[in-house]
Each structure stands twice: as structure tokens, then as C-alpha cells.
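Protein chains in written order, with the numbering used here: chain A, 1 to 249; chain B, 1 to 249.
Read the hints as simulated data drawn from the structure, not as lab findings.
Since the model is a prediction, treat every value here as computed from it, not as a measurement.
Some clues are possibly wrong.
Said to hold, decoys possible - Okay, the calculated bits of chain A under chain B, using three or more residues with CB under 8 Å as the criterion:
| no. | stretch |
| --- | --- |
| 1 | 135-147 |
| 2 | 160-167 |
Unchecked claim - Pairs of lysine to aspartate or glutamate, EDC-like flavour, derived with a Cα cap of 20 Å:
| no. | chain 1 | residue 1 | chain 2 | residue 2 |
| --- | --- | --- | --- | --- |
| 3 | B | K136 | B | E148 |
| 4 | B | K4 | B | E44 |
| 5 | A | K4 | A | D35 |
| 6 | A | K5 | A | D35 |
| 7 | A | K136 | A | E117 |
| 8 | B | K4 | B | D35 |
| 9 | B | K205 | A | E56 |
| 10 | B | K5 | B | D35 |
| 11 | A | K136 | B | D133 |
| 12 | B | K136 | A | E132 |
| 13 | A | K5 | A | E44 |
| 14 | A | K205 | B | E56 |
| 15 | B | K205 | B | D158 |
| 16 | A | K5 | A | D36 |
| 17 | A | K136 | A | E148 |
| 18 | B | K136 | B | E117 |
| 19 | B | K136 | A | D133 |
| 20 | A | K136 | B | E132 |
The C-beta atom is built at its ideal place from N, Cα and C for all residues, glycine as well.
The lines below spell out each chain.
Protein chains: 2
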Amino acid sequence: MPAKKPAYELFYWPGIPGRGEFVRLAFEDAGVPYDDVARRPAREGGGAAAVQRLLESTGTFLTPLGPPVLRHGRVLVAHTAAILQWLAPRIGVVPRSEESRLRAHQIQLTVTDLLAEVHDTHHPIAVSLYYEDQRKEAARRSAIFVRERIPMFLRYFDRALASNRAGRGRWLVGPGASYPDLSLFQVVAGLRYAFPAAMARHERKFPRLAALHDAVAARPRIAAYLASERRLPFNEHGIFRHYPELAAL
Amino acid sequence: MPAKKPAYELFYWPGIPGRGEFVRLAFEDAGVPYDDVARRPAREGGGAAAVQRLLESTGTFLTPLGPPVLRHGRVLVAHTAAILQWLAPRIGVVPRSEESRLRAHQIQLTVTDLLAEVHDTHHPIAVSLYYEDQRKEAARRSAIFVRERIPMFLRYFDRALASNRAGRGRWLVGPGASYPDLSLFQVVAGLRYAFPAAMARHERKFPRLAALHDAVAARPRIAAYLASERRLPFNEHGIFRHYPELAAL
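In isolation and in its complexed conformation, chain A is listed as follows (with noise of 0.2 Å):
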């Protein structure tokens, strides 16, 4: 008897982590089953043509811009923060309060805001271009964000984690963990992949952090997941990258 097809849809590229891990991670800690779509063969309706399939269709719905995008039935999702927003009290990985939900959203989009600075450390002018043809830019918009950026960015979650009285300093939202943790987790892990020079000097100032980052590791169904083969490792073609000339800043 086959397997029961998973209730929900995640859109993303194969290959990177991205946006899409977000997803993935609070769907490996709820654990509950997703379809990872366009990580299954291309002869089983997988590979980047499945999202590609995606992000060209039109009808009565909202086509998304791009990836990652939640199907479940009839509902498709867009947008990493409104994903999340819309399937964590449905695999509860958020408390139920109105109040919860508000403040884990827009930590949220602070992690969306903090993405879209980390990709334009390496495609400061377009993201069309290569890498290699906008280096020299890339150089200098990374060395301000590693002295500017990035301790503002951790200053705002440390300060999150402190005013959380209920998680005693060690979780964002409510008593125990919730999905912005997760991605919390995924932003120390990618920018220490990044910028490992720079995050050795920052992180000495917030212990809150590298402490929230072990305790979600250690989450067995995280563990797990790390573990296995569905976990996918940073690399240059992602939204953390690891170039020795930005790294060393």
C-alpha cells in the first residue's frame, strides 16, 4: 500500500537551503510529513521545474513572485513570514494567544528583512549578475555590514529573547519553543557560515543567542532532521554564502 501523500506542499528550489528551510525546519520540529515537491525526481514531478511550473500559472489565485509557496488543498501561500504566520498555529509551533502570534510574526519579518541584507552582501547590484562581476562591490557593502549590520541584527533578537519573560531568556515567544526560534537557529548557523570572523567578535556580546542556537539543535526531531539526508548544507548558491574574502572581514 503506498504511503498517504502528505497534506502539504512545499514549493522551493532544490539544491539550496534559502527561504525555504525556514519551512522546513518548523515542519521537521512539529513533525509532522510535508512534500518537499520540488526535491523529488524530475520524473515524479520534482526538480526547479516544479516551482518554475509554479511561479508561471495563472487563474482566480495570487501567482507568487517566487519561492518558497505553501499548497494545502485549495490554499497557496507565498511569502516565507506569511507562510509561517498561516501553518504554525495549524502544526502548533506557535502559542495560541493573538498576542504570541503577533509578536512571532514580526520577529519574522526582522528575519526577512536580515535575509534580504545577507543576499546583497554578495549581489550588491543585481541578482542577475555573477558573483565575480559585482566583487569589488560585494567587498564593500560586506565589510559595512559585518561592523553596522549584523550587531544591530543581534542586538534586536537578544533584546527580543530578554523582554520574553515567560521563555527566562531563552526563548522568542511564550514558555518553549516556537518557529521563530527555529529560524533564529538558521540565521546564527548561516552567518557564522558566512562570516565567521566577524560573528566570533559579535557573538561574545550576546551568549543568549549561541545558547538559543545549541538548545534547538539539540531538539530531537531537530537533531534528527540535522542528521539526515533532508537537511541541506549551506552553499554558494544559497542566500548565506561563504566567499574567504568576505568571510575574513
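Start from chain A and add chain B according to the hints.
Chain B in isolation, oriented as in the chain A frame:
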């Protein structure tokens, strides 16, 4: 007898339309009074210092990283798209159904993405540097932005209009105007201000967008607002800036 203080307080930098304008347009179209805190004189608690104080305050709430921020009683919401999502059903500028609200939020998040890109056309290296110190990079980024990104975003919004049957190609969500329409009006106006040559070329292909711009501008409360001194003109401190060398692209 002094006038009753409005229940909604908006915190945004005085002097530029910026991201605050998307929230103002929602209040203005709804005819709901709001306190535009930083535009009060400094001696009445206004000015940029009012925003700065909010960004530096800490407690058991989430300290925002930047404005706009909306305060209503004990509720504090940051991020333009989150503010509008929270506010719109309360002041009646979005249809009631969950499906419509999800659609509106996704469109607004695309506006957020577009605004970040527009900002970086004149600040591709760093927000902390003057335009004059990144002028060469700005010209390079803007040339690709007007060629590749403007048509991509316009096509997205045009498809969104076309796909909304209830709005007969005139409105983005449901049968009438809602907050994403007000935002798209501001986007079209801003792009025309910053990139008039490119917009003259691209807009021809998407007549629905100009029609929406005009329909929003003609709504009685919006028309009155645009004619009032509350409406701030675009200028070279905001997101949409007119620099002759970029405007000619």
C-alpha cells in the same frame, strides 16, 4: 474642551512619506483619526526624538528595529505589512474573509520587497553612507533595476489585478478598494517620481496599474488627503528619490 486623543498612534520619521505613508493612506481612506506622533512639534512630544525614544525603550514588549510602529493601547506593532494586516480589519479597509486577508497580506509583503529594492537603488552599498559616496554603484544597480525588476514587479501586480474576478481587474482584493490598492497607488506614484523615463516605457504594457492609481487618487477621502498639508511630497531623504542621473535611465 480639547479634542479627544486618537486611539491610534503612528510613529514614523517626520519629513518623508517613506514606509509610514502606507499606513497613513489606510487611515485616511477609512476616515479614522490617528495621531502622527513625530509630526507634532518637539515641545508637544513630537519630532524624530519621539521615534528614537520608542526604538530605545526596552521592557517586556518587543523593541522595534525601526519605524513605522503603530501603538493602540497596550498593542505595539512594527513592520508596515504587519501593521496593515493588524489594522485593516479594525478600520474596515480589507474584506472580512480570511482568504481575502491572506491575499492582501501577501500582496503587501511583495510591496515590502519592492521597497527594499527601491531603497537600495540609491543605497546599494550602505544605508549609513551618503548617496554621493555610492553614486557609481547606484547607477549600476539602478540600470538593472529599471530594466529587469520594475517590469517583474509591475507584471506581478498586474496579474494580481487580473486574477481577482470580484474586482473586475480594477481592485486587488475582493469587489472594492482595500489597503493593498492604496499601497499600489503609492508604489506607482513613487516609481514615476524616481524613474519617470523607465516607467513611461513599462507602464504602457500594464494599463490596469495606471487605472488603479487614478481610481485611488479620485476616492473622496484620498483626494482630500492628497490636497492637504498632511500629505508629504516625495523628496531626496525618502525611499523614492529623484536623482537626475537615475531618473533618466
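Status of the hints after comparison with the structure:
1. 135-147: holds (count 5)
2. 160-167: holds (count 5)
3. B:K136 with B:E148: holds (19 Å)
4. B:K4 with B:E44: holds (16 Å)
5. A:K4 with A:D35: Holds: A:K4 and A:D35 sit about 11 Å apart, inside 20 Å.
6. A:K5 with A:D35: This hinted pair holds, its Cα atoms lying about 8 Å apart.
7. A:K136 with A:E117: Given that 20 Å is the threshold and the Cα spacing comes to 17 Å, the pair holds.
8. B:K4 with B:D35: holds (11 Å)
9. B:K205 with A:E56: Distance of about 18 Å is within 20 Å: holds.
10. B:K5 with B:D35: Roughly 8 Å between the alpha carbons, so the hint for B:K5 and B:D35 holds.
11. A:K136 with B:D133: Distance of about 15 Å is within 20 Å: holds.
12. B:K136 with A:E132: The given pair, whose Cα atoms are some 18 Å apart, holds under the 20 Å limit.
13. A:K5 with A:E44: Given that 20 Å is the threshold and the Cα spacing comes to 13 Å, the pair holds.
14. A:K205 with B:E56: holds (18 Å)
15. B:K205 with B:D158: Status holds; Cα separation ~10 Å.
16. A:K5 with A:D36: holds (11 Å)
17. A:K136 with A:E148: Holds, because 19 Å separates the two Cα atoms, which is no more than 20 Å.
18. B:K136 with B:E117: holds (17 Å)
19. B:K136 with A:D133: Holds, at about 15 Å.
20. A:K136 with B:E132: holds (18 Å)
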